[in-house]
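Participant: Read off the chains here:
2 protein chains.
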Amino acid sequence: MTVRRVVATGTFDILHPGHLYYLSESKKLGDELWVIVARDANVKHKPRPVIPEEQRLAMVAALRPVDHAVLGDRTDMFRPIQEIRPVVITIGFNQFFDQEKLRKELAGRGLAADVVRIGKYADGDLSSSRLIIQRIVDVRGEGVQRGG
Amino acid sequence: MTVRRVVATGTFDILHPGHLYYLSESKKLGDELWVIVARDANVKHKPRPVIPEEQRLAMVAALRPVDHAVLGDRTDMFRPIQEIRPVVITIGFNQFFDQEKLRKELAGRGLAADVVRIGKYADGDLSSSRLIIQRIVDVRGEGVQRGG
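For the record, the sequence lines run as chains A and B.
Taking my numbering, the leading residue of the first sequence gets 1, the next gets one more, and so forth.
Taking my numbering, the leading residue of the second sequence gets 149, the next gets one more, and so forth.
Where hints are given, some of them may not hold.
[What the hints assert, rightly or not] 20 Å max Cα-Cα, derived EDC-like pairs, lysine to aspartate or glutamate:
# : chain 1 : residue 1 : chain 2 : residue 2
1 : A       : Lys27     : A       : Asp114
2 : B       : Lys175    : B       : Asp286
3 : A       : Lys46     : B       : Asp286
4 : B       : Lys194    : A       : Asp138
5 : A       : Lys28     : A       : Asp67
6 : A       : Lys46     : A       : Asp73
These are computed hints drawn from the structure, not numbers from a lab.
Could you build all of it, start to finish, from the sequences and the hints given here?
Facilitator: Take a look at the structure:
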C-alpha cells in the first residue's frame, strides 16, 4: 500500500496550540505528515520571523504529529511538493492562498494533491505567534530583563 | 519488568532547542519521561511566564520525547514526584536546585530517585526563553505590530 503523505506549511515562529491543532488535523488526512517550514527570506507578507529558520525547523520537527519537516525552497515553493508528492496539502485558516488557484497550479505541474483548508482553532489561548509577541512586548517591553 | 520513569521539570515558557535537548537527554535515562510543568503562581525566581500554565503544559505534552506532562502542585513540589515515583529526576543546567539537598529530601520521603544534572545545550540558537523574549522586545518593541 502506498503511504499517503500530507503536506502542511507555515512559518511556525513561536509555537502555540493553533499550530498543534493545524498539524494534528493535517496528520489525520493521511499516513505521514510532512511540514514545509518557510525560509526566513521568503516571509514577506508579515514581519520577518524572530526565530531563525533552522531553529523553527528543529522545533516543528520535534512535535509529535510531525513525521518530517523540511525548509522551503528559496525560489520555487512547488519544488519540495514535487519531491514529497503528497495526496493532500493543507492550508491554515489564516494562510491566504487561493485554494482554486493552488489546485490549478498543482495540476499544471502534474501534482494531483487535494487542497484542504483546516479550520480555526477556537480557544482562549495565545494561539498566534503575533499575539504572543505582542504580549511579550506589552509585559516585558520596559525595564531590565532577567530570568530564563 | 517495571517501567523506569524519569521526571524532568521546568517552566517551558517559550519552547526552544535547549528544552528539547534537556528533555531528550532526560528520556534516555529511563523508559517513560514525565514532565512537571511549573504553575504560574510558583514561578518566583524569575519574571512570571508570558504563556499561561495550561498552554505551556499543552505545548510540552506535544513534544516527541515527552510521554506525560502534568502541572506542578501549588504547595508541595514533591507531591507529583510521590505519585509518579521516578527512578531518576533530572535537573537542567540552569536550574538552581542543590542536588545533595534534593536527594536528602527525597530520601526523607521514601523516594529513592537518583538526581541527574543534564549539561548545557551548546549551540548558537536562541536557546533560552529569556533570550527569545529579549530578542522580541529588541526587534519588535517599537512601532505597529502586524503579521501572525
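Participant: Hints first: check each against the structure and report whether it holds.
Facilitator: A quick look at each hint next to the structure:
1. A:Lys27 to A:Asp114: The hint holds at about 14 Å.
2. B:Lys175 to B:Asp286: 35 Å, violated
3. A:Lys46 to B:Asp286: This hinted pair holds, its Cα atoms lying about 17 Å apart.
4. B:Lys194 to A:Asp138: Answer holds: B:Lys194 to A:Asp138 is near 17 Å, not above 20 Å.
5. A:Lys28 to A:Asp67: Holds. A:Lys28 to A:Asp67 sits at ~12 Å (cutoff 20 Å).
6. A:Lys46 to A:Asp73: The hint holds at about 18 Å.
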